[in-house]
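Undergrad: Chain order of the listed sequences is A, B, C and D.
Counting in this note's numbering, the first sequence runs from 16 upward without gaps.
Counting in this note's numbering, the second sequence runs from 16 upward without gaps.
Counting in this note's numbering, the third sequence runs from 16 upward without gaps.
Counting in this note's numbering, the fourth sequence runs from 16 upward without gaps.
Hints may contain errors.
A pair counts as met if it fits within one copy or between any two copies, since identical chains are not told apart.
Quick list of in silico lysine-lysine cross-link-like pairs, BS3-like style, CA-CA up to 30 Å [to be verified]:
(1) 22 with 155
(2) 58 with 193
(3) 155 with 193
(4) 156 with 22
(5) 204 with 193
(6) 197 with 154
Just so you know, the hints here were simulated from the structure itself, not pulled from any lab data.
Computed from a predicted structure; not experimentally measured.
Protein chains: 4
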Amino acid sequence: MNETTWKTAITEINPNEVRLRGYRIDELMGEITFAQSIFLALKGELPPAGVAKMLDAMLVSSIDHGATPPSTIAARTAVSTGAPLNAALAAGVLSINRYHGAAIHDCMGVLEECLRLFNETGVSMDIAARELLADYQNKKKRVAGFGHRIHTSDPRTAKLFSLAEELGVADEGVAMIKALRKAFLDSGKNLPINVDGAIAALLIDLQMPRELANAFFIMARVPGLVAHIYEEQTRESPMRRIHPSDHVYDGPDPRDLTQMIRQL
Amino acid sequence: MNETTWKTAITEINPNEVRLRGYRIDELMGEITFAQSIFLALKGELPPAGVAKMLDAMLVSSIDHGATPPSTIAARTAVSTGAPLNAALAAGVLSINRYHGAAIHDCMGVLEECLRLFNETGVSMDIAARELLADYQNKKKRVAGFGHRIHTSDPRTAKLFSLAEELGVADEGVAMIKALRKAFLDSGKNLPINVDGAIAALLIDLQMPRELANAFFIMARVPGLVAHIYEEQTRESPMRRIHPSDHVYDGPDPRDLTQMIRQL
Amino acid sequence: MNETTWKTAITEINPNEVRLRGYRIDELMGEITFAQSIFLALKGELPPAGVAKMLDAMLVSSIDHGATPPSTIAARTAVSTGAPLNAALAAGVLSINRYHGAAIHDCMGVLEECLRLFNETGVSMDIAARELLADYQNKKKRVAGFGHRIHTSDPRTAKLFSLAEELGVADEGVAMIKALRKAFLDSGKNLPINVDGAIAALLIDLQMPRELANAFFIMARVPGLVAHIYEEQTRESPMRRIHPSDHVYDGPDPRDLTQMIRQL
Amino acid sequence: MNETTWKTAITEINPNEVRLRGYRIDELMGEITFAQSIFLALKGELPPAGVAKMLDAMLVSSIDHGATPPSTIAARTAVSTGAPLNAALAAGVLSINRYHGAAIHDCMGVLEECLRLFNETGVSMDIAARELLADYQNKKKRVAGFGHRIHTSDPRTAKLFSLAEELGVADEGVAMIKALRKAFLDSGKNLPINVDGAIAALLIDLQMPRELANAFFIMARVPGLVAHIYEEQTRESPMRRIHPSDHVYDGPDPRDLTQMIRQL
Numbered sequence: 016m017n018e019t020t021w022k023t024a025i026t027e028i029n030p031n032e033v034r035l036r037g038y039r040i041d042e043l044m045g046e047i048t049f050a051q052s053i054f055l056a057l058k059g060e061l062p063p064a065g066v067a068k069m070l071d072a073m074l075v076s077s078i079d080h081g082a083t084p085p086s087t088i089a090a091r092t093a094v095s096t097g098a099p100l101n102a103a104l105a106a107g108v109l110s111i112n113r114y115h116g117a118a119i120h121d122c123m124g125v126l127e128e129c130l131r132l133f134n135e136t137g138v139s140m141d142i143a144a145r146e147l148l149a150d151y152q153n154k155k156k157r158v159a160g161f162g163h164r165i166h167t168s169d170p171r172t173a174k175l176f177s178l179a180e181e182l183g184v185a186d187e188g189v190a191m192i193k194a195l196r197k198a199f200l201d202s203g204k205n206l207p208i209n210v211d212g213a214i215a216a217l218l219i220d221l222q223m224p225r226e227l228a229n230a231f232f233i234m235a236r237v238p239g240l241v242a243h244i245y246e247e248q249t250r251e252s253p254m255r256r257i258h259p260s261d262h263v264y265d266g267p268d269p270r271d272l273t274q275m276i277r278q279l
Numbered sequence: 016m017n018e019t020t021w022k023t024a025i026t027e028i029n030p031n032e033v034r035l036r037g038y039r040i041d042e043l044m045g046e047i048t049f050a051q052s053i054f055l056a057l058k059g060e061l062p063p064a065g066v067a068k069m070l071d072a073m074l075v076s077s078i079d080h081g082a083t084p085p086s087t088i089a090a091r092t093a094v095s096t097g098a099p100l101n102a103a104l105a106a107g108v109l110s111i112n113r114y115h116g117a118a119i120h121d122c123m124g125v126l127e128e129c130l131r132l133f134n135e136t137g138v139s140m141d142i143a144a145r146e147l148l149a150d151y152q153n154k155k156k157r158v159a160g161f162g163h164r165i166h167t168s169d170p171r172t173a174k175l176f177s178l179a180e181e182l183g184v185a186d187e188g189v190a191m192i193k194a195l196r197k198a199f200l201d202s203g204k205n206l207p208i209n210v211d212g213a214i215a216a217l218l219i220d221l222q223m224p225r226e227l228a229n230a231f232f233i234m235a236r237v238p239g240l241v242a243h244i245y246e247e248q249t250r251e252s253p254m255r256r257i258h259p260s261d262h263v264y265d266g267p268d269p270r271d272l273t274q275m276i277r278q279l
Numbered sequence: 016m017n018e019t020t021w022k023t024a025i026t027e028i029n030p031n032e033v034r035l036r037g038y039r040i041d042e043l044m045g046e047i048t049f050a051q052s053i054f055l056a057l058k059g060e061l062p063p064a065g066v067a068k069m070l071d072a073m074l075v076s077s078i079d080h081g082a083t084p085p086s087t088i089a090a091r092t093a094v095s096t097g098a099p100l101n102a103a104l105a106a107g108v109l110s111i112n113r114y115h116g117a118a119i120h121d122c123m124g125v126l127e128e129c130l131r132l133f134n135e136t137g138v139s140m141d142i143a144a145r146e147l148l149a150d151y152q153n154k155k156k157r158v159a160g161f162g163h164r165i166h167t168s169d170p171r172t173a174k175l176f177s178l179a180e181e182l183g184v185a186d187e188g189v190a191m192i193k194a195l196r197k198a199f200l201d202s203g204k205n206l207p208i209n210v211d212g213a214i215a216a217l218l219i220d221l222q223m224p225r226e227l228a229n230a231f232f233i234m235a236r237v238p239g240l241v242a243h244i245y246e247e248q249t250r251e252s253p254m255r256r257i258h259p260s261d262h263v264y265d266g267p268d269p270r271d272l273t274q275m276i277r278q279l
Numbered sequence: 016m017n018e019t020t021w022k023t024a025i026t027e028i029n030p031n032e033v034r035l036r037g038y039r040i041d042e043l044m045g046e047i048t049f050a051q052s053i054f055l056a057l058k059g060e061l062p063p064a065g066v067a068k069m070l071d072a073m074l075v076s077s078i079d080h081g082a083t084p085p086s087t088i089a090a091r092t093a094v095s096t097g098a099p100l101n102a103a104l105a106a107g108v109l110s111i112n113r114y115h116g117a118a119i120h121d122c123m124g125v126l127e128e129c130l131r132l133f134n135e136t137g138v139s140m141d142i143a144a145r146e147l148l149a150d151y152q153n154k155k156k157r158v159a160g161f162g163h164r165i166h167t168s169d170p171r172t173a174k175l176f177s178l179a180e181e182l183g184v185a186d187e188g189v190a191m192i193k194a195l196r197k198a199f200l201d202s203g204k205n206l207p208i209n210v211d212g213a214i215a216a217l218l219i220d221l222q223m224p225r226e227l228a229n230a231f232f233i234m235a236r237v238p239g240l241v242a243h244i245y246e247e248q249t250r251e252s253p254m255r256r257i258h259p260s261d262h263v264y265d266g267p268d269p270r271d272l273t274q275m276i277r278q279l
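Next comes chain A alone, as it looks inside the complex (with noise of 0.2 Å):
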């Protein structure tokens, strides 16, 4: 071992055995979901029971949100030029920063802010949140995770809470999140919890750290960015030029899950 020998605790790689974190990858195969495997990639440990339902969750809520997001475009503008798939899909990674995609990184960090509040002072939650929420009206800070330029009432929002409470995973972050939901309410602002601000309530939950936030919404929504690159590939001519807003969605008319769930 000389001097630039360095040390790595992810994958340990030797003839006919790969270890991901201690535990042979073939074993873990056919055991353990993608989305188990990204938090033992990540975390170091398997999820705990209930947590895996609750990843595949958060990963679904976030996988696509139509044409119109900046990386969309980006990544449909890359391959409408001849860029392979996976320049486009570079591309498209880098629109997601501060005003795409960060929200649940900022409001990861209103949540330990508004925790710290409590877990020092002895506050309720409630008051914790209220004084936050003013400290940020004063300084003219927006608060992450609330509110969206679409949805009034975003259903995912809800779907996460319910399934959290369900699968025993809500903790502080999810309590938290909604007591600031009530402050404003209280502060006379009816402000929706967006998805952002759910998957950041979760995260915290999960002992995410919030160098992650990101990676987190990134990783669910790579598969997306490709859709939309393959779709661009084989339905557009090249070099188009791509509106940002006007188009119209033709693919399959609404339809119901429930009869699908019972043959998957």
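Chain A is fixed; fit chains B, C and D onto it per the hints.
TA: Chains B, C and D only, in chain A's frame:
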């Protein structure tokens, strides 16, 4: 609808309603895994029974392969200079190309060629495989999906095939790659089917278009790259010289999945 | 020197001495232009007399083409989400591919094909051009370097060719593309040589390898992309919807260079 | 002009007319260098007399720094997997960040801070420099633009400063960094001004906004990265393990510029 109006069949966005390929995304959440939602996003339909578990196993198999793949080195090199996570990830994704990650795509091409021969001429799979192999050997072309730098018997391959049998997913793709393996043996070469070859065979049996082969590898590897980027950020000094192979694994000792599984 | 020692012929670094292709970089500074140093870096030798001015003119010709090229749209889309400048630039560079920017590369291929015909068979340039054109028209292949979406007579082309004559740089490449232009006219098509065609002809006469054609366009366009990224950062709100064509120019009014030049 | 119409002040495109910041681009060609056109694109005006040569020298100084910078390693790693040139270049550009390439930006910040002190309080440059240095040393902050891993007396710095004097470009920026150098010496530290520090001082004297500091380094380095990408493509096998430092230079022997210059 003016001249610039364009169409997309992936996601429909209405106030308080997000539909992926026709299904309400809040109904999908909690019912399907992230892997199933990837299939739905890309193929437009939910996967048939059995396929969900197969997809999870395929994605888990490729989530990471340690510190030496060039995509890992490129991502670590970028983040070591202070790149934000998405930029480092993009550098990694940009390093997945013809010589790294493309074996799935190339092997699908080989299998499709064999299957055309099989379906169009009526010869047996064994003969189709033997003819293709002879042709490739004459032209000194490499048959993608066979052999591995490190593994002589890739445990991921065996597991993918046993799961495919068990789940009823294995079809012509799997049969054909096994015929090719036999043809290699008959020609005196004991070349193992590698994990990329196994995934290629399965993607054919899942009727995934070959254009998405590389995407499949990338989607699987993104979380692994994120783990390496985060480890580099949290364990290493900026601007270190990253040796491309001289490293050691210092993560959890080998551990057994059996006990854990009971709790998941 | 162990087994991993590798070699580079570009730059030699010693304490207090940096040599590019053998020349001290501090001696090059003040003596050669950036354009000459680009030639030196890529070709390994300083350009012959006259070529410096030609290179500058070629790079200036392609520095920007307004707001509609997809590389500009992609870079602006990325920076509009809060991407750092280098990430937005990468998104732009990733959008320079087969259908945008590659005409130089493709036209060099056409010219090299014509010149092989000319040099190997002894036919005149006019006949070589006519044969290639007929062949392309039979195969319904487009001849890169001719025609333009906007310009019927590209002023950049005329200037590049007049400079090339004046500087003694024009050789077989320029002669051959003019023969092709004539062949088009003879076939009844008044298709102008576009700026990419002119640059392709000149790169052949500068003996630049075709593999670097795309690089030449990218190197020229990088500063233009930087100007657009900076303008987006300083003039626009984040996350705006960037229409791909509906914009107006509001920069300096048309102005005459003659007076300025005296002072430079 | 509808609600989505947006504005740009960079380039005006009309049929058969391309104007950069008001000047016909075909008139600029042959009259100004690429470096001057970069200044025009970014600043909106042609550079004053003397500045053209200064810009060329600054860009030449940073065109390449051998095989070890992480941007070079990332670009070579990507292309080694078969990435197209633009994708490998993007991987390189994505590796230019806070710890690599950002010294120009950081040093401009230091100099601007000193100059504010100088201009607002009326103290001498020497005192402003000494106060800032003391403050940074108290806070254990590094002063960017001083010191170098390899060079104790960077020949590029000396040349940039002598050219700046000769061309009449040197102003407060250059004077202030020299005051800082003196303050270091007085505090017992013989730290050389590095090339990034020299460029930072000159960008201040050219009134280039600090937001473009990183862009300046990137624009200069892009051709160097292209040279490395092309060398990797043409000299090396795919998928080699690229040692981050163990390489040797085997290009042209040291050679003298004097004889060449006569012919340029």
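Undergrad: Now look at each hint and say whether the structure bears it out.
TA: Quick rundown of the hints versus the structure:
no. : hint         : in the structure
1   : 22 with 155  : between (45 Å within a copy, 29 Å between copies)
2   : 58 with 193  : within (26 Å within a copy, 37 Å between copies)
3   : 155 with 193 : within (21 Å within a copy, 42 Å between copies)
4   : 156 with 22  : between (41 Å within a copy, 29 Å between copies)
5   : 204 with 193 : within (14 Å within a copy, 56 Å between copies)
6   : 197 with 154 : within (20 Å within a copy, 42 Å between copies)
In the structure shown, no violation is registered for any of the earlier numbered hints.
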